[in-house]
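Asks: All chains should be built: construct the whole structure from the sequences, respecting the hints.
Number of protein chains: 2
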Amino acid sequence: MSELRYCPIKNRWAIIAPERRLRPLEFLVPEAAGMPLSPEADPFAPGNEDHTTPEIFSLPTLDASTSSRWQVRVFANKFPALRVEGGVTREGVGLNDSVSGVGAHEVIVECPESAREMADFRVDEMLQVLKAWRARIVDLRKDTRLRYILIFKNRGSEAGASVTHAHSQLIATPIIPSVVAQELKSAREHFNRKERCLFCDLIHQELELGARVAIETASFVALTPYASALPFETWVLPRRHGHDFAAADDAELRGLAVILRDLLRRIRLLLEDPPYNLVLHTAPSPHPRPGHPDDWSTIDHDFHWHLELVPRISRRAGFEWGSGYTINPTAPEEAARHLKEADPDSGSGGG
Amino acid sequence: MSELRYCPIKNRWAIIAPERRLRPLEFLVPEAAGMPLSPEADPFAPGNEDHTTPEIFSLPTLDASTSSRWQVRVFANKFPALRVEGGVTREGVGLNDSVSGVGAHEVIVECPESAREMADFRVDEMLQVLKAWRARIVDLRKDTRLRYILIFKNRGSEAGASVTHAHSQLIATPIIPSVVAQELKSAREHFNRKERCLFCDLIHQELELGARVAIETASFVALTPYASALPFETWVLPRRHGHDFAAADDAELRGLAVILRDLLRRIRLLLEDPPYNLVLHTAPSPHPRPGHPDDWSTIDHDFHWHLELVPRISRRAGFEWGSGYTINPTAPEEAARHLKEADPDSGSGGG
Numbered sequence: 001m002s003e004l005r006y007c008p009i010k011n012r013w014a015i016i017a018p019e020r021r022l023r024p025l026e027f028l029v030p031e032a033a034g035m036p037l038s039p040e041a042d043p044f045a046p047g048n049e050d051h052t053t054p055e056i057f058s059l060p061t062l063d064a065s066t067s068s069r070w071q072v073r074v075f076a077n078k079f080p081a082l083r084v085e086g087g088v089t090r091e092g093v094g095l096n097d098s099v100s101g102v103g104a105h106e107v108i109v110e111c112p113e114s115a116r117e118m119a120d121f122r123v124d125e126m127l128q129v130l131k132a133w134r135a136r137i138v139d140l141r142k143d144t145r146l147r148y149i150l151i152f153k154n155r156g157s158e159a160g161a162s163v164t165h166a167h168s169q170l171i172a173t174p175i176i177p178s179v180v181a182q183e184l185k186s187a188r189e190h191f192n193r194k195e196r197c198l199f200c201d202l203i204h205q206e207l208e209l210g211a212r213v214a215i216e217t218a219s220f221v222a223l224t225p226y227a228s229a230l231p232f233e234t235w236v237l238p239r240r241h242g243h244d245f246a247a248a249d250d251a252e253l254r255g256l257a258v259i260l261r262d263l264l265r266r267i268r269l270l271l272e273d274p275p276y277n278l279v280l281h282t283a284p285s286p287h288p289r290p291g292h293p294d295d296w297s298t299i300d301h302d303f304h305w306h307l308e309l310v311p312r313i314s315r316r317a318g319f320e321w322g323s324g325y326t327i328n329p330t331a332p333e334e335a336a337r338h339l340k341e342a343d344p345d346s347g348s349g350g351g
Numbered sequence: 001m002s003e004l005r006y007c008p009i010k011n012r013w014a015i016i017a018p019e020r021r022l023r024p025l026e027f028l029v030p031e032a033a034g035m036p037l038s039p040e041a042d043p044f045a046p047g048n049e050d051h052t053t054p055e056i057f058s059l060p061t062l063d064a065s066t067s068s069r070w071q072v073r074v075f076a077n078k079f080p081a082l083r084v085e086g087g088v089t090r091e092g093v094g095l096n097d098s099v100s101g102v103g104a105h106e107v108i109v110e111c112p113e114s115a116r117e118m119a120d121f122r123v124d125e126m127l128q129v130l131k132a133w134r135a136r137i138v139d140l141r142k143d144t145r146l147r148y149i150l151i152f153k154n155r156g157s158e159a160g161a162s163v164t165h166a167h168s169q170l171i172a173t174p175i176i177p178s179v180v181a182q183e184l185k186s187a188r189e190h191f192n193r194k195e196r197c198l199f200c201d202l203i204h205q206e207l208e209l210g211a212r213v214a215i216e217t218a219s220f221v222a223l224t225p226y227a228s229a230l231p232f233e234t235w236v237l238p239r240r241h242g243h244d245f246a247a248a249d250d251a252e253l254r255g256l257a258v259i260l261r262d263l264l265r266r267i268r269l270l271l272e273d274p275p276y277n278l279v280l281h282t283a284p285s286p287h288p289r290p291g292h293p294d295d296w297s298t299i300d301h302d303f304h305w306h307l308e309l310v311p312r313i314s315r316r317a318g319f320e321w322g323s324g325y326t327i328n329p330t331a332p333e334e335a336a337r338h339l340k341e342a343d344p345d346s347g348s349g350g351g
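Protein sequences appear in the order of chains R and Y. So in our numbering the end of the first sequence lands on 351, straight run, no missing numbers. So in our numbering the end of the second sequence lands on 351, straight run, no missing numbers.
A hint or two may mislead.
Where chains are identical, the list cannot tell them apart; a pair therefore holds if satisfied intra-copy or between any two copies.
Stated by the list, open to error - Cut-off 27 Å, straight-line C-alpha distance, at most; resulting in silico cross-link-like pairs (DSS-like, lysine-lysine): (1) Lys10 x Lys194; (2) Lys10 x Lys185; (3) Lys78 x Lys131; (4) Lys142 x Lys340; (5) Lys340 x Lys10; (6) Lys142 x Lys131; (7) Lys78 x Lys340; (8) Lys185 x Lys142; (9) Lys194 x Lys340.
What the hints contain is simulated information worked out from the structure, not anything from laboratory work. Because the structure is a prediction, the values reported are computed rather than measured.
Replies: This is the structure in structure tokens:
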């Protein structure tokens, strides 16, 4: 069984997950991943449902003419980093602290076809993926052991995908991940000082300045953040304040589907179909923890859900690992300008 | 000119360095790097000294029979992330904070031969590299604009190296990098509470427990840390307390050369010549900043210099990026056992 371990020097958690070693990608053979699959060999294709763990959730097909019953399908990861079984035990011996690896690790297959990718989706197809994300968060929040539900997508083997069939993943953890915890802390401090949302202030400022606005719609904005860690890093934020993706209604999800599709097509065109990671940042599970600094049950004013997209076109080397800095050779203003000027309908630019 | 930019949401700095775009590795063509070079085409080879920026430092050859004047040679990076020229200006506009990209970015060529790597070095050759690191830190500390001097090595294109000739790099920054700042903070808090060094406590505990000790010599220990972020992550620590690598004497550096050579050979054997990053963690520049929480001029008791080695055999995917967690499929106890049992003299295992 895996466990979460805390490093008192780095103030950082690692998930030690020996079971993941069964996964061919992770140990010494990274080149094995990323091969395009025939539908017969594709474990995520319709007809191969028995190659996966049991189905947890699905949404029906949008296209009555296909043989697939489902449009989006969710099941547990075969090589999970964390498992649902068991209680959360917390132990300390000397300098070593551990928490049992309780959680959830799910795969969300985003379309029935083996060789389509998210940037190819129609808006209504994209919307089904976002609805599946929302449904899984709502469901898993019932489990009070789980403090945070992280949804992310790895596209391309360079970004960590081991299966080419379009899919996203969900990992629910008994601890709020440090990246999210830092955002919550920054936003709460800002709100406590100013009684305004930090992200709303950011959106307001960036729309006024303009130089880092990549795409703007009635309900969303796509920004290349001022201190972008990587080239073409882009955040997609709802213009209307809301702390929780799971509370977004269908109209808002449709607005997100429109801008996300547009952004993915521009990125594909500009960067020649790059590998990328897409991560949903939303509020933690709202289980009350009265008096505890990690009580996020009353977070509605001081967080703002959003998506973060990072193309993986440069490598993380020793300097980044050793310093925590990143070196970004593309100014976000330049990235925003290219994204704004790209015509996503002019061709696919690859893949 | 590059600049350091601060993200108030992530509490994180990025170096925006458009000049680095000249470097072929960094933008869209990662596969161009890592080709073995002939000595004629190798910009770091003896005879091609005029292909680099002017020499800053060198140590004479150890082998009178070669045509090379030098054993180790240091010069400024041709595509620097930071530059020495100019004052440090700090600016803020709205939510955006920046610091001018003043610093230093140097290349330390580790041997004259184009195709040898650090694991092939004799102890006396390794020692010259460590002496060069020490000399560059001592020299750059005279510059009071520079708060930290980070030395690191990227071996293999997967680890970020763009030239195959064995080399390490140095980046000096006007801000203490967050990874180092966190270690300083953890160590100071531990010391303030217990009047003991956190790292000395760790060494004591791990030597007693044994399961994560990879190599032990009279003066050094190589540990796979309890919360290892990546498979076979290994820290090399001096057993004698010392906060500053630059204050280590020749005998201590020789002890480090012995254990580092041994470790690199075991890693090469076990992981089939993997790409890796090696990072030196040492005290910040000791310029006094009275009354400031970042005054590290009196740090001698509460930090402990060390080397960190991370083989790059697994990828950082969306989950890691979005959470700050890493998923490590190899328990450090297992890594330590393999390292301990490996016979570095039994063959090179590749490359």
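Asks: So, for every hint listed, does it hold in this structure?
Replies: Comparing the hints with the structure gives:
no., hint, in the structure
1, Lys10 x Lys194, "between (31 Å within a copy, 18 Å between copies)"
2, Lys10 x Lys185, "both (18 Å within a copy, 9 Å between copies)"
3, Lys78 x Lys131, "within (23 Å within a copy, 49 Å between copies)"
4, Lys142 x Lys340, "neither (41 Å within a copy, 46 Å between copies)"
5, Lys340 x Lys10, "between (39 Å within a copy, 25 Å between copies)"
6, Lys142 x Lys131, "within (18 Å within a copy, 58 Å between copies)"
7, Lys78 x Lys340, "neither (40 Å within a copy, 32 Å between copies)"
8, Lys185 x Lys142, "within (24 Å within a copy, 37 Å between copies)"
9, Lys194 x Lys340, "neither (32 Å within a copy, 56 Å between copies)"
Of the numbered hints stated above, those contradicted by the structure are hints 4, 7, 9, listed in ascending order.
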